[in-house]
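Participant: Residue strings, one per chain:
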Amino acid sequence: MTKYGYAAALTLFFNSAAAHELTPTYPEVKPSYIDGVSIINMKMWNRRNDAKYYEINVYDKEWNDIPFASTEKILKIDYLEHKNFHIYLRDEDTAMVTYICTTSKQLKQDVQSTGIKSRICSRVK
Amino acid sequence: MFKQTLTLGAISVVCSVAAIAQANNTPITGNVSSKCSIFTDTIGVYGNPTPDELSTKTADGGIDPVIRYDVTVADKYKAKISWPNSFSTSPSLSDAVNWDGETTVKSHSVTGMSAYEAAKVEYENVTEFDLTLAGSTWFSVESEATYGVGKSLPGGEYKANVVAECIAD
Numbered sequence: 001m002t003k004y005g006y007a008a009a010l011t012l013f014f015n016s017a018a019a020h021e022l023t024p025t026y027p028e029v030k031p032s033y034i035d036g037v038s039i040i041n042m043k044m045w046n047r048r049n050d051a052k053y054y055e056i057n058v059y060d061k062e063w064n065d066i067p068f069a070s071t072e073k074i075l076k077i078d079y080l081e082h083k084n085f086h087i088y089l090r091d092e093d094t095a096m097v098t099y100i101c102t103t104s105k106q107l108k109q110d111v112q113s114t115g116i117k118s119r120i121c122s123r124v125k
Numbered sequence: 001m002f003k004q005t006l007t008l009g010a011i012s013v014v015c016s017v018a019a020i021a022q023a024n025n026t027p028i029t030g031n032v033s034s035k036c037s038i039f040t041d042t043i044g045v046y047g048n049p050t051p052d053e054l055s056t057k058t059a060d061g062g063i064d065p066v067i068r069y070d071v072t073v074a075d076k077y078k079a080k081i082s083w084p085n086s087f088s089t090s091p092s093l094s095d096a097v098n099w100d101g102e103t104t105v106k107s108h109s110v111t112g113m114s115a116y117e118a119a120k121v122e123y124e125n126v127t128e129f130d131l132t133l134a135g136s137t138w139f140s141v142e143s144e145a146t147y148g149v150g151k152s153l154p155g156g157e158y159k160a161n162v163v164a165e166c167i168a169d
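Top line first, the protein sequences correspond to chains A and B. 1 is the number of the first residue of the first sequence in my numbering; add one for each residue after it. 1 is the number of the first residue of the second sequence in my numbering; add one for each residue after it.
There may be inaccurate statements among the hints.
[As the list claims (entries may be wrong)] Keeping only pairs whose Cα atoms sit at most 25 Å apart, straight-line, the calculated PhoX-like set for lysine-lysine is:
#	chain 1	residue 1	chain 2	residue 2
1	A	K61	B	K80
2	A	K125	B	K78
3	B	K159	A	K76
4	A	K52	B	K35
5	B	K159	A	K105
6	A	K73	B	K80
7	A	K125	B	K80
8	A	K83	B	K76
The set of hints was computed from the structure by calculation and includes no laboratory data.
Bound conformation, chain A alone (with noise of 0.2 Å):
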């Protein structure tokens, strides 16, 4: 191991890191139970504990926005909660579709003097 794995090593034991998952990485459009209308299942998994609301968007390759329909816009997910959420699209809407991003949104009262606002973005392709 580098001296750089030992550093790596060591910060991860002695850091609580929290963290913001999406997968997967390259999701699939899939015909819904909907006539017209296309499914993408997504999974998402909290690990910050300083931040439980994830706005869902959904972008083309230009990063315009694409509508689309979800149980709930804003995801509310506990400390350490795995979600799987359904996007649901027009079927014309399906071949621009590029990103699906979640961002997280944290309460006023949770951000610190710099607050980290985490976003991460899943690609169709």
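Assemble the complex: chain A is given as a structure, and chain B must be docked to it using the hints.
Facilitator: Showing chain B alone in chain A's frame:
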């Protein structure tokens, strides 16, 4: 007697074989799929070195926020980190705030990641890094806010957000 011993022996052998078979039939499976995780490693703190300035630099009494990116598969993600250019919380300000900042690679788990710093792309308040290797990278974000010209920042609470993005290629 001999027959009874033989039967018990046979049952014992069958049970042992079954136990071995059972012990061998407990697989653990795993799968490492492409994934990016953003960790808030260190929460930043603004220091107030002069009445008109807030800064996260250690020399100014602040703490730089540190963000860790973990990627499980190489060359699948890009990191985009933006230093703040507005306050999310502040007292009422009557003059302009000039923002500055810098995002740098602080540490990494793989030697080759040291090249990220030279290859970074900066524009406006954004810095982009191509995460070409699998592993962990720590990024340090410096932020400075200077108020007006020769004016003191009003007393109160100041908060700003660093935006850390991980975008699939």
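Participant: Take the hints in turn and mark each one as holding or not.
Facilitator: Quick rundown of the hints versus the structure:
For the suggested pair K61 (chain A) and K80 (chain B), the alpha carbons sit about 16 Å apart, so the restraint of at most 25 Å is met. Restraint check for K125 (chain A) and K78 (chain B): satisfied, since their Cα atoms lie roughly 16 Å apart, inside the 25 Å limit. For the hint linking K159 (chain B) to K76 (chain A), the alpha-carbon distance of about 23 Å falls within 25 Å, and the restraint holds. Straight-line distance between C-alpha atoms of K52 (chain A) and K35 (chain B) comes to about 20 Å, which keeps the hinted pair within the 25 Å bound.
Of the pairs offered as hints, the one joining K159 (chain B) and K105 (chain A) holds, with about 15 Å between alpha carbons and a cut-off of 25 Å not exceeded. With a C-alpha separation of about 23 Å, the suggested pairing of K73 (chain A) with K80 (chain B) holds against the 25 Å cut-off. Restraint check: the Cα-Cα separation between K125 (chain A) and K80 (chain B) comes to about 20 Å, which is no more than 25 Å; the hinted pair holds. For the hint linking K83 (chain A) to K76 (chain B), the alpha-carbon distance of about 23 Å falls within 25 Å, and the restraint holds.
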